[in-house]
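J.: Residue strings, one per chain:
Protein chains: 2
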Amino acid sequence: MDTHLHHDHVETHLKSSEALTDIVIGMSDGLTVPFALAAGLSGAVSSSSIIVIAGIAEIAAGSIAMGLGGYLAGKTEQDHYKSEQKREYDEVENLRHREIEETKEFFASIGLSAELQEKATAEIAQDKDRWVDFMMKYELGLEKPDPKRATKSAFNIGLAYIAGGIIPLSPYFFISDSASALKVSVMATLVCLFIFGFFKSKMTGVNPWAGATRVMLIGAMAAAAAFGVARLFEH
Amino acid sequence: MDTHLHHDHVETHLKSSEALTDIVIGMSDGLTVPFALAAGLSGAVSSSSIIVIAGIAEIAAGSIAMGLGGYLAGKTEQDHYKSEQKREYDEVENLRHREIEETKEFFASIGLSAELQEKATAEIAQDKDRWVDFMMKYELGLEKPDPKRATKSAFNIGLAYIAGGIIPLSPYFFISDSASALKVSVMATLVCLFIFGFFKSKMTGVNPWAGATRVMLIGAMAAAAAFGVARLFEH
Numbered sequence: 033m034d035t036h037l038h039h040d041h042v043e044t045h046l047k048s049s050e051a052l053t054d055i056v057i058g059m060s061d062g063l064t065v066p067f068a069l070a071a072g073l074s075g076a077v078s079s080s081s082i083i084v085i086a087g088i089a090e091i092a093a094g095s096i097a098m099g100l101g102g103y104l105a106g107k108t109e110q111d112h113y114k115s116e117q118k119r120e121y122d123e124v125e126n127l128r129h130r131e132i133e134e135t136k137e138f139f140a141s142i143g144l145s146a147e148l149q150e151k152a153t154a155e156i157a158q159d160k161d162r163w164v165d166f167m168m169k170y171e172l173g174l175e176k177p178d179p180k181r182a183t184k185s186a187f188n189i190g191l192a193y194i195a196g197g198i199i200p201l202s203p204y205f206f207i208s209d210s211a212s213a214l215k216v217s218v219m220a221t222l223v224c225l226f227i228f229g230f231f232k233s234k235m236t237g238v239n240p241w242a243g244a245t246r247v248m249l250i251g252a253m254a255a256a257a258a259f260g261v262a263r264l265f266e267h
Numbered sequence: 033m034d035t036h037l038h039h040d041h042v043e044t045h046l047k048s049s050e051a052l053t054d055i056v057i058g059m060s061d062g063l064t065v066p067f068a069l070a071a072g073l074s075g076a077v078s079s080s081s082i083i084v085i086a087g088i089a090e091i092a093a094g095s096i097a098m099g100l101g102g103y104l105a106g107k108t109e110q111d112h113y114k115s116e117q118k119r120e121y122d123e124v125e126n127l128r129h130r131e132i133e134e135t136k137e138f139f140a141s142i143g144l145s146a147e148l149q150e151k152a153t154a155e156i157a158q159d160k161d162r163w164v165d166f167m168m169k170y171e172l173g174l175e176k177p178d179p180k181r182a183t184k185s186a187f188n189i190g191l192a193y194i195a196g197g198i199i200p201l202s203p204y205f206f207i208s209d210s211a212s213a214l215k216v217s218v219m220a221t222l223v224c225l226f227i228f229g230f231f232k233s234k235m236t237g238v239n240p241w242a243g244a245t246r247v248m249l250i251g252a253m254a255a256a257a258a259f260g261v262a263r264l265f266e267h
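Protein sequences, first through last, are from chains A and B. All residue numbers for the first sequence refer to the working numbering, where the first residue is 33 and numbers rise by one. All residue numbers for the second sequence refer to the working numbering, where the first residue is 33 and numbers rise by one.
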């Protein structure tokens, strides 16, 4: 007996949704936020060196906050799963009539007749472990989390953030006038955001050209807003 | 017929998982990243004014990137749902035998007998719309997304990021020496991260004291790393 249904596009979906989702999360913010921060500071200071320091501080802060945030989210998911599982075992033990009702309601909700609701519930309720697994997955919508996922997630997200953040910042390393560095940074980052958005959209089944344009526009808007706000506060 | 099962803790879970999840996402990063950036810059520059400009640029960039990121995620979810739904309708129409097999496999996976697998599948396959809904939800694990969710999400996340980011930055508005401002910022932000972590953990069913400590430590580590890295690059 296999708990996964075999289906080409589901298989692809499942495979891509592990590490790639993390990388997309990390790189999406890594390309956008350090880019917008550098652009914003370029509106307020003329020397690239302070922008390099701020950008590097941001990349360090962002990658750790997002990476450890991913770790924490993974751990929280595990704790949450365990505490809900304990509760379901308690309920199967002590509130059996209510769990029976809930299992029947599930079968009613997917459209089974009253007769089959009864029969299917009776079969499932025979095995306590299987019944709890069923309730966890289909009543509460909780998947059993992979215990190594939290650590992997932290690294993937953090490294993707750093990789993304270095792109908009690198022109400021080589060009000391911030206004000139900004021009190179804008061009390089918008191209990268477009390419990134294209592949991200392909992965999630969205029209890649529309998706790429959206991702690029978000980056451009964030950078423009940061530039405007920083210039406003500088005066 | 109700597609939701009635259960006290599920109801609570469902209610809290809409706006509150957005606010937690936004505030978590809003408290951490501008905090760490300001701390990092305090290790490299002695005047608060440049830190205020960098901090404000970061808050503008971060809130827009995260807010629009939330909007994009919502839109992507909708597009993905629609494209998968179209595919399921096609398959129910043209690959009926395979869909029948997959539906049976679902019932096998939850532990029903061969007899009930047959009967339940036959009942579900009678109504095309209901069958597709069933496959969307239980084969692909996709919930029908709320069409207004993307816009709401964008505002909630963006505003929570701004609200979170103002806390670590505010001491730099009033204290011109960055080292002194940093001390106030660290104390105020760590207290806020602890309180925030406490309520976030309560919401997700994690031990609130342990959760609060973890959230606070992540913020402290991000700030310390940004401080160290900025000081390193300044020399």
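Since the hints were made in silico from the structure, they are not lab data. Errors might be hidden in some of the hints.
Intra- or inter-copy, both count: the list cannot distinguish identical chains.
The calculated DMTMM-like cross-link candidates involving lysine to aspartate or glutamate, where the alpha carbons are at most 25 Å apart (straight line), are [as the list claims (entries may be wrong)]:
| hint | residue 1 | residue 2 |
| --- | --- | --- |
| 1 | Lys136 | Glu266 |
| 2 | Lys136 | Asp111 |
| 3 | Lys234 | Asp122 |
| 4 | Lys184 | Glu137 |
| 5 | Lys118 | Glu147 |
| 6 | Lys118 | Glu133 |
| 7 | Lys169 | Glu147 |
| 8 | Lys160 | Asp122 |
| 9 | Lys180 | Glu50 |
| 10 | Lys151 | Asp178 |
| 11 | Lys234 | Glu120 |
| 12 | Lys169 | Asp209 |
| 13 | Lys234 | Glu171 |
| 14 | Lys176 | Glu125 |
Bear in mind the structure is a predicted one, so any value in this text is a computation, not a measurement.
J.: Which hints from the list above does the structure break, by number from lowest to highest?
T.: Going through the list in order, the structure violates hints 1, 2, 4, 5, 10 and 12 and respects the others.
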